[in-house]
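Just need the whole structure built from these sequences, with the hints factored in.
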Amino acid sequence: MIDVKNLTVRFGGVVALNQLTLKITDDVVGLIGPNGAGKTTLTNALSGFVTVASGSASVNGLNLIDMAPHQRSRWGLARSFQKVQIVSDLTVEDHLATVLDAKGANRSLRDKAIVRALDYAGILSVRRVRGVDLNPFQRRLTEIAKCLVGAPRVILLDEPGGGLSETEMKELRKVILGIHPEFGAQILLVDHDVELIRDVCTSTAVLDFGKLIAYGPTAEVLEDEVVKAAYLGRMGAAND
Amino acid sequence: MIQTLSRNNLIILVVIVAAIWLLPLVLNSLWIKVVTSAVIFGLAAAGISVLFAQLGLINLSQIALVGIGGWVLLRLNYATGLPFTISLVAGGIITAIISSILALPALRMRGLYLALVTLMTAGAFQIIFNAFQFPNGGEGFWGVAQQSAGAFRRPLIAQSDVSYLRYVLTVAALCIAVAGVHRLTTPGRAWAMIRQSEANAMAAGIDVTFFKMWAFALSGFMAGIAGGLLAGALQQLDARTFVASDSILLFALAIVGGVYHWLGALIAGLLFKLLPALFNDFGVSADLTLVIFGAALLHAIMTAPRGIAGQILSGFAGLVKHRETSHD
Amino acid sequence: MTETLKIRGMSIQSATRRVVDGISIDVPAGQIVALLGPNGAGKSELILGIAGAMAATGTVSIGSQTVSGNGIQGIREAGIAAVPEGHQVLSGMSVRDNLRASGPMLSDDDLAVEVANALEIFPELRKLIDQIAGSMSGGQQQMLSIAQALISRPKFLLIDEMSLGLAPVIIDRLVGVIQGLRSRGIGILLIEQFTQLALDVSDHAYVMARGKLQFSGSPGELKHDPGILEKAYLG
Amino acid sequence: MLNVYGLFLVSGLAVGSLYALGGIGLVILRRSTGVLNFAYGAIAAASAMICWQVVQWGMPGPIAWIVTILTGISLSVLYGRMIAPSLAWRAPTVKAVATLGYTLILLGLIGFVWDDSPRKLELPTDKIGVWILGVRVTVTRLIAFASSIVIVIGVILFFNRTRIGLNMRALADNRDHAALLGIPVIRVETMAWTLSGALAGYTGLLFGDLVRLDPTVITFMVIPATAAAICGRLESLPLTLVGGLAIGVIEAMLALYKPLAPLRSMTPFIVAGCVILWMQRGQHLTFVQGD
Amino acid sequence: DSHSEMSCGMNTGKAATGEPIKVGGINGNAPPGDFSGGTDAAAAYFACVNANGGINGRPIEYIVENDQWNPELAGQVGTKLVKDEGVVALVGNGSVVSMAVNAKLYADEGVMAMASACAISECYESSNIVSTNQGPLPSGIGALKFAIEELGTEHAACIGFNIPNNGGWACDWMNRYMESKGKKGTSILMDPTAVDLNSVYLQALAERVDTILLMLPAGPAIGLLKVAEEQGGRDLFKWVSPTPIYEPGVGEVLGDYWSGHLYVNIELAQYDSDGADNRNWAAVTAKYGKEGDRLDTFSQSGFISAKFFTDALLTLDPDKIDRATVTEAIKGIVGVESDLLCGPYYVGDADRHMPNHAGRMVVYKDGGFETVRDCYDIDTAYLDPIREQEKALGLSQ
Ligand SMILES: Nc1ncnc2c1ncn2[C@@H]1O[C@H](COP(=O)(O)OP(=O)(O)OP(=O)(O)O)[C@@H](O)[C@H]1O
Ligand SMILES: Nc1ncnc2c1ncn2[C@@H]1O[C@H](COP(=O)(O)OP(=O)(O)OP(=O)(O)O)[C@@H](O)[C@H]1O
Ligand SMILES: [Mg+2]
Ligand SMILES: [Mg+2]
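Protein chains in written order, with the numbering used here: chain L, 1 to 240; chain C, 1001 to 1328; chain U, 2001 to 2235; chain W, 3001 to 3291; chain Z, 4001 to 4397.
Don't read these hints as lab results, they were simulated from the structure. Heads up, some of the hints might be wrong.
[As the list claims (entries may be wrong)] If the Cβ cut is set under 8 Å, some of the chain U residues that face chain W in the computed set are:
| hint | residue |
| --- | --- |
| 1 | SER2014 |
| 2 | GLU2077 |
| 3 | GLN2088 |
| 4 | MET2105 |
| 5 | SER2152 |
| 6 | LYS2212 |
| 7 | GLN2214 |
Built from N, CA and C at the ideal position, the CB exists for glycine as well.
Next up, the structure:
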């Protein structure tokens, strides 16, 4: 359970998150909102990449705000980035190994964990391929697989669907849908692809100007007039 | 691919071991001294490579760290009766600690800024060395007296220049091997991740501060050992050996040699010390050496990012492959 | 303006392979042309190649005038503007400077008019006018990147991944904008992640895979028979 | 006693304006092309030596000064046109390191052409002096001081008010993207290197006159000048100016405090170190490469 | 006619063709100073000797190395000459660093160095090195002696390089000398790589001294004078200097401002003095020197070292010239004289050597130098052991 209370983040004069209070209990939760609403800022605040001005955030009862980013990760908070982060000269399996290194995972179980995550993400065949030689979709999946090793408790995904074609999107959907049953982690998913959100998230939160403007079961939220006006526009309606 | 590479490594290792025994036999006194220096600075260059190749960090203060290692060794030599090798390791460790402390302000920095911080460090140490000089057996903390240097102890097994060269080759090979092991294990992976993006590394649970300091410590350790070895080779040190511009030069040569393989560091050391000595011996002006270094650096940066070592190794790999296919 | 942007036999070689392999396409003035294809098809490379930002063989011409070979700047001056993939902006400069730097070929007065127009299209940017572009959110950067291309009064606009990172309501607005450009006689080459959207607005569609052109035809054809697309993707 | 402080203040400002001048040259090129040019000092040194040579050949002063500036421009543009473009896509650090190569080449060539005999460069303004707070200050020093301020103001106006300045900043920020926006890369870059080269020539002339006509010294003045540039975060010209002046004054004042006097020349590095520490306070982490 | 005045070794006029005798020389020529005058002149003299019958028919093969002020390089070239080339002696050495680095090597290998441009303590406090020049210590003290007696100096600042056993050593003894005279001395040691001489000048101002002693190589010394000129500092201090600034070209660089205000202690006779040895030096370097050779005090010094060396070799059986015999012959030099020197030159078998400690004082005037005091000796405790030796060798009363 992710519990955010009165969270405020400022960048100079910009208030990116404004006294945000949000309790996330479902297994797969969507986070949407107009550009600049503060979605990335919220994931950054949870994972420790921005300085929080005030408020608190806890996951499964553990107060996160005072922990260093790497400690949060070791505890089990995994995340992906809006802009894919793949190291050119590390192989796919090395990417996963770093996570296990940091968690001090048992050596004998390491290979098994890596194979399991790669197999699940469907990229086992490229396990020894270096970062440079991966195509964009494989990079995406590597990043997701990286979130899956080492027994994650919470996974934050920031626009994993950005730039993917529709067929790839289908595959990604399957991958995300299976994460909770397979790995048991809670997922917070940020994306602008409303179809993806609709298909995988049981509930969805909507941010605008750093404030929560709607939160509830996904279907209801996507019908909300305020959300339609601020975020979905005609297109969201047309897709109904 | 991996097999050819490791086979190359093996072949080169054999060459090096042979060098340890053969070189001192074929060189005359001058070249023994020169090669000793070259290997020592090659070791220092290997420290630069660790930071640059693994973390993408530019260290323009390596020569200053070499000076610190040398200072500690001289100080211990005059103040205690410790055997050379123990003083040497102590110098390495103290330099490693100082290096990682110096890294502290640099931890939130990368790229150009870090390069500049280290350049400022080099500038500051140049002045400190000049103001306080190197210990020569005097009293007090700085251990400097207006007198000729006191008695210096080399390792018992390496009293002569010839056996000292063997000692240096062995120590350098050991240190470089330690760095090589780092590259292939946990720290190597962590460094690669940090190099790409610190945020990403933290998100993977990597303690960025710790691993950066570790890299600085390792690089500093190699510099410190190099400094101790240099003190042992010359039996005294002079502030003019540790000027900031030489730190810049050594960095440049490390790039020219190639930072992705230890062979590159060795080449850097040879370029730094052997080439000028050769030119000096042929009566070529030292100024032209600089021109050649500069042109080599530009050439390496523009066309051979893996340096001379990279070119040699790929040529070598090509050769091995060629032979394999023609034998089949 | 009835000229057509013609790309003939364009190829781009990467270190290891041909990422764009002999592509010939037309973008007529006053039309939106969709370019579809799976990941890694070479679409982005093709756009950079047309814009002169990447070494490519083949010719680019507008009407009867060949513009390839004039260098990136010559191509831009001929009226071809590109929005590259992935939120490209001048990340260390303010939004205002980003906008002002986007019309080097315009006079001061024209530039002021175009900057005002761009802010009309993206009023979101007006509030952010003094913010450093690199610190904006992904979607905000994408708006800026598109605004930059619009400012230079292009005759042909190449947009890579138009909707990348943008909220649906903005995409809506953009669709209106490019339709407006079309009606003013501007030719648009559109790469778009949402196939449906691309096919809805375009007058012609190309499909690319593994560097080669796999299909050229009306968008309606693709809409009615998604099998064409799938087949093209699989090769 | 006040008199003594005044003396050191004036003298410190005079030296500080030289650090500032060097730092300003570095910052200008960096802001207009994105290159931190370590060869700036070597270009200045070569220009100063050429100036000496031309005077030696019996040419009148003004011709020598023009040749000096032209030397600075040619050496700078030579690098800017021949070498810099092929490194345009590399990381800023790689670009900076490459200029070290150029530094070595220039330094070597200078040493090859001119041996190390004592030399002196003189300007007519050296002979005219005014007394300020008990120090005789030559007009040359006043020129150095005033020109550093004028250059800062002029360049700020140039960068912020003119389209060319805007184009230069855009290029320095992201060359690829700027090119895509239609900015005439070659033309603008050449102008930036020309501007910087002219400044290097000018700085070399002043350094040769005011500090020492020694190529090595002028070449490596780039190190303390970098300290001034750091004070301006390699970005801000006014802060670079202030930094340079502050370093000069502190360094001069330390001469009055005996225990630290021998370590006086560490001032640039200590000040730069402190500025860096202060700048990064509260800063969290660094993101992706090239940011 | 210069030829008639020229005299080299055996003066036979026939080239020597026998087996060459290897002799080494190390100079330091790089920033911050060029100390190659000594080896240049020695090379010219040896060339002249070889053209005049050599050493009883055997030519001298003179091998010169430049240590570039680099201690490592100094060690390397020292080893090369002494071990690899097997030179019988070193002559004309002018280097600040190589003496410190190689003193032990020379002693261990039993080879003598007859230096000509020394500047550090090791050069004067080693068994196997003897230098013809005085170095900063006697020359600086000589300058101060003059300053106290003629210029009324009460408090002098010694500005020197902080190079091991160079600036600190000389300035220390300078201070002791001032104290012994009831005056005050202050050392201002600067980093040899320091860019800005202005702050050094300021330090002297802050110390409120009345006299500045420029214990520096010519280049930096001139730089400092320029700073002083700029700030109108000529009349705030008395300006004295040891030898290095005494250079032929210095007038062009210093200009009129300093005329009559800069006093220099010179260790050897003036360039244009008309003693036989000095004229011989001028003739030999003109004929056998190379273009670009430095013709400074150190050149005179190198010349006279080479001459003394040659004369010592000529006493040996040409078939028995090896390192041991040469070392013995050099140590056997006692009481030879020259118009270039104020006193007798000697080597002897001792732990330290400083045969030359009496100098002359000149003043910079109208672009040249004028003698203001001829040969005078100095009194400093540093010379106590030296005077003992001289007494033992019967050279002084
Ligand atoms: N470092 C920063 N400095 C200044 N402003 C910032 C910074 N980072 C973010 N902002 C501002 O904070 C607001 C929230 O940004 P955030 O990245 O969280 O948006 P987002 O919801 O993720 O948007 P998008 O959907 O476009 O990615 C935006 O207005 C952005 O411009
Ligand atoms: N810097 C690079 N180095 C090596 N290969 C690259 C590089 N950039 C792109 N590629 C490869 O070139 C091919 C074409 O890429 P391109 O980006 O044009 O594809 P695309 O059709 O635009 O795909 P996407 O939908 O991901 O944008 C891909 O296989 C890609 O992996
Ligand atoms: Mg975002
Ligand atoms: Mg693409």
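Task: Interface hint status, GLN2088(U) versus chain W (Cβ within 8 Å) - done: 5 Å, holds
Task: Satisfaction of the SER2014(U) interface hint, Cβ to chain W closer than 8 Å - done: 15 Å, violated
- [ ] With chain W as the partner, please determine if GLN2214(U) meets the hint condition of a C-beta pair closer than 8 Å.
- [x] 28 Å, violated
Task: SER2152(U) as chain W interface residue, shortest Cβ-Cβ below 8 Å - done: 6 Å, holds
Open item on the list: Given MET2105(U) as an interface hint, is its Cβ closer than 8 Å to any Cβ of chain W?
Closed with: Constraint on MET2105(U) satisfied, holds at 6 Å.
Task: Supplied contact hint for LYS2212(U), tested at 8 Å Cβ to chain W - done: Hint on LYS2212(U): violated, closest Cβ of chain W at ~26 Å, above 8 Å.
Open item on the list: Let's test the interface hint: is any C-beta of chain W closer than 8 Å to that of GLU2077(U)?
Closed with: Holds, about 7 Å.
Taken one by one, the earlier hints fail for this structure at numbers 1, 6, 7, listed in ascending order.
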